[in-house]
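J.: Chain by chain, the residues:
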Amino acid sequence: VTTLNLVMAATVGVLYGTGFTLLLSRSLMRVLIGVVVLGHGTNLLLQLAGGPPGRAPILDVAPRETFTDPLPQALALTAIVITFALTTFLLALGYRSFVLVGHDEVQDDVEDRRIARQKAPSAPLEDDGEAEDDPLERAADEVEAEARGDAS
Amino acid sequence: VSALLPLPVLLPMLGAALSIVGSRSAALQRVVGVTVLAAVAVLAGMLLVAADEHGPIVAELGGWPAPVGIALVADRLSALLLLVSTLVTLAVLVYAIDQRIADYGRATASTTFHPMYLMLCAGVSLAYLTGDLFTLFVAFELMLTASYVLITRRTGANRIRAGMTYVTVSLLSSLLFLTAVAMVYAATGTVNLADLAGRVGELPPGLQTVLAMMLLVVFGIKAAIVPLHFWLPDSYPNAPGPVAALFAGLLTKVSFYALLRTQTLVFPREGPWTLMLVLSVATMLVGVLGALAQNDLNRMLSFLLVSHIGFLLYGLAVFDAAGVSGAALYAAHHITVLATLFLVSGLITRRTGTVALDRMGGLLRDAPGLAILFAVPAMTLAGVPPTAGFVAKLALLQAGAGSGAAAQAVAGVVVVASLLTLYALVRVWVRVFWGEPQPPVPDTDPADEVLVGTARSSVPMYAATAGLVAVSLAIAAFAGPLAAMTERAGVDLLDREPYRVAVLGDGS
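Going down the list, the sequences are from chains A and B. For the record, in the first sequence the residue sitting at position 111 is 156 according to this note's numbering, with numbers rising by one throughout. For the record, in the second sequence the residue sitting at position 307 is 337 according to this note's numbering, with numbers rising by one throughout.
It is possible that part of the hints are untrue.
Stated by the list, open to error - Stretches of chain B that chain A covers, calculated by requiring three or more beta carbons in the stretch to come under 8 Å of a beta carbon on chain A:
id	segment
1	169 to 182
2	189 to 203
Said to hold, decoys possible - Heads up, incomplete: computed chain B residues facing chain A, CB under 10 Å, no partners named:
id	residue
3	53
4	98
5	164
6	206
7	208
8	209
9	211
10	212
11	214
12	215
13	216
14	217
15	221
16	233
Said to hold, decoys possible - Some chain B residues flagged as far from chain A (calculated, every beta-carbon gap over 10 Å):
id	residue
17	132
18	322
19	525
By construction, these hints were calculated from the structure, which means they are not laboratory data. Idealized CB from N, CA, C, for every residue including glycine.
Taking the hints into account, I'd like the entire structure generated from these sequences.
T.: Take a look at the structure:
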């Protein structure tokens, strides 16, 4: 039975906690950083899964009993490449959102807003202060207009 | 035959590379895409026949033997689902190509669509064929990364939000998957599924439960099991028609396959699985009740998709050969029928210019062909005899009837959910095809991927949809032999020995 290094375990815990907290925010940039931090936590966990560190696993250089388990390192390398690719994709998506919408915040669902407004038709629109400029608001208005047009 | 095993993964990847290199020629991209997928379909058929005759086929990549190297495994279940999935991807590709021809004329090539489509197919093939938990993670990433691009490409502002939800939720589940892989490796020292089947049994029961639950949550998010389904009805309806059909047909079912494979192979249990029965009831009911509340055709179909994931879970929850076999048959039927319905929805939207049910009407007079194309898969999904849906549901109900009081009670929910599905689809039929014809709504976002509100569409779009309807009818027509084969697949899945012996050899 191998015992786990407490410092490393705590580091993984902090990385996961930070990552999940950032993922819950609305700004896509924070979500991106959250994914990166969470990815680091996961890769560190993969490393720890290989047991205590040892010598480089090269035959005829070191005795086999002292080898580090090479498989988790290979897995972590693959995972790092994948996380890297996804980070660049998220960056591109955030930029596209910034160009199209003017900010990179994840919006409420159009259909959800329509239903929320149907419940309280007299209530003031709950918007983020830029309803007139926001294409999503306009889309929600169109959906609502469709619903009204049919009722009348 | 085992030399053919990597080809369903390699061919689409090579095809994707070729489509990037030849991205200036639309004709080249089309020929490459259709040829590659047709070849993969033939290969999948050969694998299915071979796996059914000789048991699981194994290929060791790089010549390293199984527990160390990566093994590809095709057994009856994976080969069957690979065949059905490839037929669906082929039909959806034909539909997408012809939509582009109808919308943009023959000259337009796309740098992203074809390569990403083929990469997604490669990921799906790898997910079905891999015998290794980490490679399964890589396969999911391949598939999901391609899907991120497909759902966000050429979108307008009001669609990018849906893409973000989808990407964020999928990323989270992928990182959880990687965490689960790390924990499985830390506990057992292997990521080979066949090897895990032997080693996980030696772990303390608490640790086994933790690993099983982590994988359940991971695949639960990806397969849209209630209460982890919330992202799906939010994101799929906003994807362009063929892309939504592709996602609805494949992605959730690949995740269900992964769930079925890991739970039966690595975490065997005796008798019905109570937690899964509860999840199955919740998924069936929340999905179908959500569908009844929708006015948006695509959102309604997305909720029905979630609901019918519950039927698959029911087969897994029963956890005997009959139940697992019923789930396999249901998955094959579900892949085709959901993809068909989303394609039909694309055709309807194309004509009416809207997805709002209350703004359509009278299509039966204008487009009787479309009415038939909708009616057949709708009845199949609801499980009206003698369609494939009826056959698959009957298999599930028979499995449930033979296994304990709890499973029998849930069988009642299966029937209720089927009837509510029928009601939801009849509601669509009445709104869309009966009543007064309404003028098409003009396209609100002409810059995006799909043109709507036009009566102009090409014959191959209809032909591709009709082809999928034919696949679904073929499942019903050959229900006897097919059910017999999934029965053998179910016995193998729960026995576990054929898979382990095939991968690790007799000595293990």
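J.: Find the nearest Cβ of chain A to the Cβ of residue 525 (chain B) and say whether that gap is larger than 10 Å.
T.: Per Cβ check, residue 525 (chain B) is outside 10 Å of chain A; nearest 29 Å; holds.
J.: Apply the coverage criterion to the segment 169 to 182 of chain B and chain A: a residue qualifies when its Cβ sits closer than 8 Å to a Cβ of the chain, and three qualifying residues are needed.
T.: n = 5 at 8 Å, threshold three: holds.
J.: Next item in the hint list is residue 98 (chain B). Is there a CB on chain A closer than 10 Å to its CB?
T.: holds (8 Å)
J.: With d taken as the least Cβ-Cβ distance between residue 132 (chain B) and chain A, does d exceed 10 Å?
T.: holds (25 Å)
J.: Checking hints one by one. Is residue 208 (chain B) an interface residue toward chain A, by the C-beta closer than 10 Å rule?
T.: holds (5 Å)
J.: Any CB of chain A closer than 10 Å to the CB of residue 206 (chain B)?
T.: holds (9 Å)
J.: Does the interface hint hold: is residue 209 (chain B) within less than 10 Å of chain A, judged Cβ to Cβ?
T.: With Cβ-Cβ at 5 Å, under 10 Å, it holds.
J.: Please check whether residue 217 (chain B) passes as an interface residue: C-beta within 10 Å of a C-beta belonging to chain A.
T.: Result: holds, 9 Å to nearest chain A Cβ.
J.: Does residue 211 (chain B) hold up as a contact with chain A if the rule is Cβ-Cβ below 10 Å?
T.: holds (7 Å)
J.: Would the hint on residue 215 (chain B) stand, with a C-beta cut-off of 10 Å toward chain A?
T.: holds (4 Å)
J.: Hey, does the residue 212 (chain B) contact hint survive, CB to chain A under 10 Å?
T.: holds (4 Å)
J.: Under 10 Å is the threshold here; is the Cβ of residue 233 (chain B) close enough to any Cβ of chain A for the hint to stand?
T.: violated (12 Å)
Consistency note: the structure conflicts with the earlier hints numbered 3 and 16.
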